[in-house]
Amino acid sequence: MNECESFRDDLDAFRDELLDEERSLQLHRHIKSCSACTAEIKQAEAIEAEIRGNAAQWQPPENLWGRIQITVNELESETTIQRKTRRKPLSWAVVAMLVVALILGINFNRQADSSSVGSVLVNEFHTFSVSRRDLDYVNSEPLAIRQWFGDKVDFRVPLPVNVDGLNLVGGRLCNMLNQRVASYMYRSDGAWVSLYIMKAGQSIQRDTNQHLSLQGYGYIEWENEGLHYSLVGDISIEQLHQIANSIYTRQLSSPAIQSSLPGKVFRQSNFSRVS
Amino acid sequence: MPDFDWSLGFSARIRRINFEQQIQTHLPGLYRIARGIVDQASDAEDLVHDTCVKALTSFDTAVFSSEVQLRGWLNSILINTYRDRYRRARRSPVRAIEFHATSDERQNIVELVPSKDHTPLQSIEHRDSSRAIEHAIAALPPEVRVVSVLFLINGLSYKDIAYVTDCPVGTVMSRMSRGRQLLKRYLADFGLTDTNYSSRASGGDET
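Chains as they are written, first to last, in the numbering used here: chain A, 107 to 381; chain B, 31 to 237.
Be careful, since some hints might not be right.
[As the list claims (entries may be wrong)] Heads up, simulated EDC-like pairs for lysine to aspartate or glutamate below, C-alpha to C-alpha not over 20 Å straight-line:
#1 B/214 <-> A/111
#2 A/138 <-> A/128
#3 A/258 <-> B/69
[Stated by the list, open to error] To give an idea of the interface, some chain A residues facing chain B are shown, with a C-beta separation under 8 Å as derived from the structure:
#4 160
#5 161
#6 167
#7 250
Worth flagging that the hints you see were computed from the coordinates, not collected in a lab. All figures in this text were calculated on a predicted structure; none of them were measured in a lab. Glycine is no exception: its CB is placed at the ideal position from the N, C-alpha and C atoms.
This is chain A alone, in the form it adopts within the complex (with noise of 0.2 Å):
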């Protein structure tokens, strides 16, 4: 017994082949004669093969990789602009580029509205749907929502609401545009409809396009008291908006709302129907 304590503190080594030959041979020696010591390796062995079997299943998000492609686009856009303002005045090679290109219409916005908010939003909401991943919070509370948000955004979620024919169902912390977004979850008829809630601020490039639709879902997008929020759902713009009008009818101002549908561009200063 005194014997297989003193071995046994050296176990572990013996596993790692980190001991020195003479030890490694004295405990291979031991080992074959004592049971205890043999059950507390193939043990050890055990419960390291089932973690890493566990940690097998643990595999990244589809949209992992485009998030972080979309983070670093908008980084070095930044950078580009930051360094074209330091540049020295254009040579009349490159202004006469310019003339010819904007001659032949060619649309240098396009490039820059497709990370804008709603095509950002539009493809996250897109890649949960396809995905089938678990919310990150199941719960149908808005007082349990709101505090599970807590400190997992920098800013203050309101309430969220509960609406008719819409079931409120949990939250999503999501990372995009370059801040925490918060997005409480609901259900209609078997679809996902998404509240995305984020701090308002001049990073956010607003969409003026169809682009955000051409997914087939319907976008709504409105701010209010400093956040800013995006309705996005696999139903039908007019239920959209009927949703959008129950949670902005709760909110005390009145800002512009903007919505768009595949197409069309809308500016209204309130929910009326779309026709």
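With chain A's structure known, arrange chain B on it following the hints.
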């Protein structure tokens, strides 16, 4: 004279695409480390996100002669990002964490502070082994957890871990030893007794 060079731009672009592809292949490994060392899946995503953004924006200065070097560099960024976040969280009054270490243990605060959200007793209801393992890992002190995850899950050698965590090999070994002891104890607390594992190890896991 225009202030750009078309040929340099083209080769840099090709190098950039290769660099992105290389980093992308390390995404699963990075995510496994992150998932092991932080409590929430969303935090793991954020950690990997920030790691890769840092790596990609360091493209101009990053030069690697092998995949192993690149992996070590990425792992180092991830661990440093984790430590920065952890220290920031500790400084924040909202997320203050109780510190239970004795005075002679205070030399390495990050190593010794127990996890804030998980203790073996609180999580004892998670009887199934995979949940129990996740909780047991989460209950490890942060630096012990980092070493345990890198060694057990990602299969890094002590030497590689010493490089990634920027500490001596002896420290890595003692943390690993502590991690093994604690994991064994926590798993026993969760109800995964010695016999559960002994029977699995001997092939007695009947289905």
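Results for each hint:
Distance restraint check for residue 214 of chain B and residue 111 of chain A: the Cα-Cα separation of roughly 18 Å lies within the 20 Å cut-off, and the hinted pair is therefore satisfied. Of the supplied pair hints, the one linking residue 138 of chain A and residue 128 of chain A holds, its CA atoms being roughly 16 Å apart against a limit of 20 Å. This hinted pair checks out: residue 258 of chain A and residue 69 of chain B have alpha carbons roughly 13 Å apart, not beyond 20 Å. Checking residue 160 of chain A against chain B: minimum C-beta separation of about 5 Å stays under 8 Å; hint holds.
Hint status for residue 161 of chain A: holds, given a least beta-carbon distance of 4 Å to chain B, under 8 Å. At a threshold of 8 Å, the smallest CB-CB gap from residue 167 of chain A to chain B is about 6 Å, leaving the interface hint in force. With a cut of 8 Å, the hint placing residue 250 of chain A at the interface with chain B is violated, because the nearest CB-to-CB distance is about 16 Å.
Checked against the numbered hints above, the structure breaks only hint 7 and satisfies the rest.
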